[in-house]
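Student: Please arrange chain B on chain A, whose structure you already have, making use of the hints.
Given next are the chains, with one letter for each unit.
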Amino acid sequence: MADQNELSPGGLALVEVLTVVATGFGVAATVTVTDVGDEEFSVVIEGEGADALVGTDGSVIDALQYLSSQIMSRAEGGGRYRVALDAGGYRARREAALVDLANRAAEEALEFGEEIELDAMSPHDRRIVHMALKDRDDVVTRSEGDEPRRRIIVEPAD
Amino acid sequence: MSDAPVAGLVEMVTALAKGLVDHPDQVRVDADATGESVALELRVAPEDMGQVIGRGGRIARALRLIVREAATRSGVRVSLEIVD
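Protein sequence lines correspond, in order, to chains A and B. Heads up: the first sequence at position 30 corresponds to 30 in the numbering used here, and the numbers run straight through without jumps. Heads up: the second sequence at position 54 corresponds to 54 in the numbering used here, and the numbers run straight through without jumps.
These are computed hints drawn from the structure, not numbers from a lab. Quick reminder that beta carbons are idealized off the backbone N, C-alpha and C, glycines included. Be a bit skeptical, because a hint or two may be false.
What the hints assert, rightly or not - Partial list, computed: chain B residues near chain A (C-beta under 10 Å):
1. GLY8
2. MET12
3. VAL13
4. ALA15
5. THR34
6. ALA62
7. ARG64
8. LEU65
9. GLU69
10. ALA71
11. SER74
12. ARG77
13. VAL83
Stated by the list, open to error - For each label pair, taking beta carbons as the anchor points, the in silico distance ranges come out as:
14. GLY78(A) x ALA4(B): 35 to 45 Å
15. SER79(B) x ILE153(A): 39 to 49 Å
16. ARG58(B) x THR56(A): 14 to 24 Å
17. GLY78(A) x GLU81(B): 21 to 31 Å
18. ASP84(B) x LYS134(A): 42 to 52 Å
19. PRO123(A) x ARG73(B): 25 to 35 Å
20. GLU95(A) x ARG73(B): 19 to 29 Å
21. GLY37(A) x ARG61(B): 26 to 36 Å
22. PRO123(A) x GLU41(B): 28 to 38 Å
23. GLY49(A) x VAL83(B): 49 to 59 Å
24. ALA4(B) x GLU117(A): 48 to 58 Å
25. GLY26(A) x SER79(B): 15 to 25 Å
26. VAL83(B) x GLU111(A): 57 to 67 Å
27. THR56(A) x ASP84(B): 26 to 36 Å
Claimed, not checked - From chain B, some residues computed to sit far from chain A (all C-beta separations above 12 Å):
28. ASP22
29. ARG28
30. ASP32
31. ALA33
Chain A on its own, in the form it takes in the complex (with noise of 0.2 Å):
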């Protein structure tokens, strides 16, 4: 992991972009930027309030992620970063919630012995939601239906 004074220059862009962001949304942020590798960089706002930079359903968060990895791309001089974005832990409740979820569709799939059917979510989170079930041998997930309508549906593995 790379030390916050040795990152990159599209590192060293996006700590300085992001904390004048959220100054903007009145939130004292400390901006932490760490290389995954690959390509990727996974960068993390926290700060008293910093759920404010999340917005209705992460609506905020996920234009900030992607001017992020545009914002990453440019500094490092080209090439498709990516940047996974998270503030005041949203994501991480996010997830759990998914799989949460998950787990729930799949109890009731086994006691009802039918599909259940989920609502429609983004592709981030369709992923979320089959990754959570696909260690169980008692269900199997599959998605139906066409964006931004897709949804999962959980039954009973035969």
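Tutor: Relative to the frame of chain A, chain B by itself:
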């Protein structure tokens, strides 16, 4: 309205735009505040326009969403225009 939220919004758009373009020295953000509304105008080098608008306007949309949300938290309405 106090100047603080407006200054914060201008700094935010300036920092994001400078990170996105190839000529950060040519990024300029002007603010025109009337009552509770602020009109922001972003100017960049002509060859950098694509980098603040994005394919299908995706970058401009993200910029507007972020600045609008920040403004709302300060009780201010904001518009962001990218001027060519």
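Student: For each hint, tell me whether it holds in the structure or not.
Tutor: Evaluation of the provided hints:
no.: 1; hint: GLY8; result: 4 Å, holds
no.: 2; hint: MET12; result: 4 Å, holds
no.: 3; hint: VAL13; result: 9 Å, holds
no.: 4; hint: ALA15; result: 4 Å, holds
no.: 5; hint: THR34; result: 20 Å, violated
no.: 6; hint: ALA62; result: 4 Å, holds
no.: 7; hint: ARG64; result: 9 Å, holds
no.: 8; hint: LEU65; result: 5 Å, holds
no.: 9; hint: GLU69; result: 5 Å, holds
no.: 10; hint: ALA71; result: 9 Å, holds
no.: 11; hint: SER74; result: 7 Å, holds
no.: 12; hint: ARG77; result: 15 Å, violated
no.: 13; hint: VAL83; result: 19 Å, violated
no.: 14; hint: GLY78(A) x ALA4(B): 35 to 45 Å; result: 38 Å, holds
no.: 15; hint: SER79(B) x ILE153(A): 39 to 49 Å; result: 43 Å, holds
no.: 16; hint: ARG58(B) x THR56(A): 14 to 24 Å; result: 19 Å, holds
no.: 17; hint: GLY78(A) x GLU81(B): 21 to 31 Å; result: 29 Å, holds
no.: 18; hint: ASP84(B) x LYS134(A): 42 to 52 Å; result: 49 Å, holds
no.: 19; hint: PRO123(A) x ARG73(B): 25 to 35 Å; result: 30 Å, holds
no.: 20; hint: GLU95(A) x ARG73(B): 19 to 29 Å; result: 26 Å, holds
no.: 21; hint: GLY37(A) x ARG61(B): 26 to 36 Å; result: 30 Å, holds
no.: 22; hint: PRO123(A) x GLU41(B): 28 to 38 Å; result: 36 Å, holds
no.: 23; hint: GLY49(A) x VAL83(B): 49 to 59 Å; result: 33 Å, violated
no.: 24; hint: ALA4(B) x GLU117(A): 48 to 58 Å; result: 49 Å, holds
no.: 25; hint: GLY26(A) x SER79(B): 15 to 25 Å; result: 21 Å, holds
no.: 26; hint: VAL83(B) x GLU111(A): 57 to 67 Å; result: 60 Å, holds
no.: 27; hint: THR56(A) x ASP84(B): 26 to 36 Å; result: 31 Å, holds
no.: 28; hint: ASP22; result: 7 Å, violated
no.: 29; hint: ARG28; result: 16 Å, holds
no.: 30; hint: ASP32; result: 18 Å, holds
no.: 31; hint: ALA33; result: 15 Å, holds
Of the numbered hints listed earlier, those contradicted by the structure are 5, 12, 13, 23 and 28.
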